[in-house]
Amino acid sequence: MSRFKKESGKELKSINTASLPDIVFMLLFFFMVTTVMRETDLKVSVILPEATEIKKLEKKSLVSYIYIGKPHPNLQKTFGSEPRIQLNDTFATPEDIRDFITSEREQMDENDQKQMTVSLKIDQNTKMGIVTEVKQNLRKASALKIMYSSHKKVDESLLR
Amino acid sequence: MARRGIQEINAGSMADIAFLLLIFFLVATTMDIDTGISRLLPPMPEEDQKDDDDKIRERNVFVILINKQDQLFVERAVIDISELKEKTKEFFLNPNDDPDLPEKRPLTVDFFGDMMVSKGVISLRNDRGTSYGKYIAVQNELAAAVNELRDEICMDRFGKTYQNLDPLNETEKALIVAVKKVYPMAISEAEPVEIK
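In order, the protein sequences belong to chains A and B.
So in this note's numbering, spot 8 of the first sequence is number 8, and the numbers just go up one at a time.
So in this note's numbering, spot 147 of the second sequence is number 147, and the numbers just go up one at a time.
Honestly, the hints are just simulated from the structure, not real lab data.
The beta-carbon is built from N, C-alpha and C at its ideal position, and this holds for glycine as well.
Certain hints may be false.
What the hints assert, rightly or not - Among the chain A residues that face chain B by a calculated CB cut under 10 Å, a handful are:
| no. | residue |
| --- | --- |
| 1 | 14 |
| 2 | 15 |
| 3 | 60 |
| 4 | 68 |
| 5 | 72 |
| 6 | 73 |
| 7 | 77 |
| 8 | 123 |
| 9 | 132 |
| 10 | 145 |
| 11 | 153 |
Stated by the list, open to error - Negatives, chain A to chain B, calculated, CB over 10 Å:
| no. | residue |
| --- | --- |
| 12 | 11 |
| 13 | 82 |
| 14 | 88 |
| 15 | 95 |
| 16 | 107 |
| 17 | 108 |
| 18 | 129 |
| 19 | 144 |
| 20 | 154 |
Let the sequences and hints guide you as you build the complete structure.
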């Protein structure tokens with residue numbers, strides 16, 4: 001016991017921080033590897049609907065995204081407030097989807113092309129008219145695997 | 001300045017630089033996993049393809065209409081969305097062989113043996129003015145009904161729910177395929193009728 005007492009009596013030693021950079025670098029590499037950068041700037045505001053029977057979407061490289069929603073408030077002056085389709089970084093018409101799908105397909109590995117999935121990120125207040133047009137164009141482009149992107153619904157009985 | 005051998009590089013600021021980068025990646029990272037309801041669209045019909053819709057008998061079709069006020073018409077009656085799941089399950093099960101509910105056909109399925117499989121098909125139609133949120137809610141209820149039926153039969157026969165089957169396990173993967181045959185997700189969406 002006396003040994004401890006002696007040491008505590010001495011003035012405070014500074015903590016050795018030599019390993020701090022290593023720890024931080026480790027964390028840094030973890031985040032660098034796991035990061036998926038946002039490829040597109042959202043120009044439409046999308047509030048996804050909620051659902052319970054949802055599945056996770058695996059293999060992000062096989063997924064193309066189509067966004068539908070009202071343009072952002074600062075863009076509404078030029079593009080109006082009606083729901084619009086966004087492909088990549090631009091607004092598009094339903095007819096543009098076939099070209100979009102073709103170009104997305106070309107970027108993929110040949111073996112993966114059949115597994116291509118289109119994730120539809122559609123605002124919950126959008127009318128079905130535009131959604132149906134998009135779906136028809138996807139069928140014409142034979143991109144048949146689709147996913148209605150939605151959030152997990154929180155069970156209300158658990159909240160009470 | 002006289003050189004006194006090679007000086008050691010001061011690594012004290014290394015941690016600061018690394019922290020800076022770390023914070024950047026922390027902020028830029030999006031960890032959200034994309035989730036949703038997956039569906040397979042039917043291929044575009046051939047030009048000369050005949051309409052074989054009328055071959056399906058009326059009792060085998062479960063008609064769901066959603067109008068532009070987001071009201072739900074199921075088999076010509078207005079119902080609330082909370083009733084939809086039970087109605088759908090009853091439609092597929094047809095426990096009392098009701099003549100208004102769908103017919104069944106015998107089918108031999110792996111793991112299950114001879115089963116009577118419902119011939120029922122759900123027909124989902126919506127208006128241009130229907131909101132997407134309502135449409136997803138209906139799709140969700142239909143998926144929930146089918147998943148519950150699958151869960152029930154799996155629990156009955158194998159003591160494990162359908163949701164807990166592991167697709168990476170070979171036998172359970174085969175089981176998933178078999179269950180899908182017994183209760184297929186038979187949702188047909190009408191070809192949109194263009195009105196000019």
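Holds or violated: residue 132 of chain A as interface residue toward chain B, Cβ cutoff 10 Å?
5 Å, holds
Classify the hint on residue 123 of chain A as holds or violated, based on whether any CB of chain B lies nearer than 10 Å to its CB.
Holds. Min distance 7 Å.
Far enough from chain B: is every CB of that chain over 10 Å from the CB of residue 108 of chain A?
17 Å, holds
Should the interface hint for residue 68 of chain A be scored as holding, given a Cβ-Cβ cut-off of 10 Å against chain B?
8 Å, holds
With 10 Å as the cut and Cβ atoms as the points, is residue 15 of chain A at the interface with chain B?
Given a least distance of 13 Å, the restraint on residue 15 of chain A is violated.
If we take the beta carbon of residue 88 of chain A, is the closest beta carbon in chain B still more than 10 Å away?
Residue 88 of chain A clear of chain B: closest Cβ-Cβ about 17 Å, beyond 10 Å.
Is the claim that residue 154 of chain A lies outside the interface with chain B correct, judged by CB distances over 10 Å?
13 Å, holds
Would you settle whether the hint for residue 73 of chain A is holds or violated, based on the nearest Cβ-Cβ distance to chain B being less than 10 Å?
Residue 73 of chain A check fails; min Cβ-Cβ to chain B is 20 Å, beyond 10 Å.
Outside-interface status for residue 144 of chain A - nearest CB in chain B farther than 10 Å:
At roughly 4 Å from the nearest Cβ of chain B, residue 144 of chain A sits no farther out than 10 Å, so the non-interface label is violated.
Chain B contact restraint on residue 153 of chain A - CB to CB distance below 10 Å:
For residue 153 of chain A, the interface hint holds, since the closest Cβ of chain B sits about 8 Å away, which is under 10 Å.
Please verify that the nearest CB of chain B lies beyond 10 Å from residue 129 of chain A's CB.
3 Å, violated
Hint check, residue 77 of chain A versus chain B [nearest Cβ-Cβ separation less than 10 Å]
25 Å, violated
Violated hints for the displayed structure, listed by number in ascending order: 1, 2, 5, 6, 7, 18 and 19.
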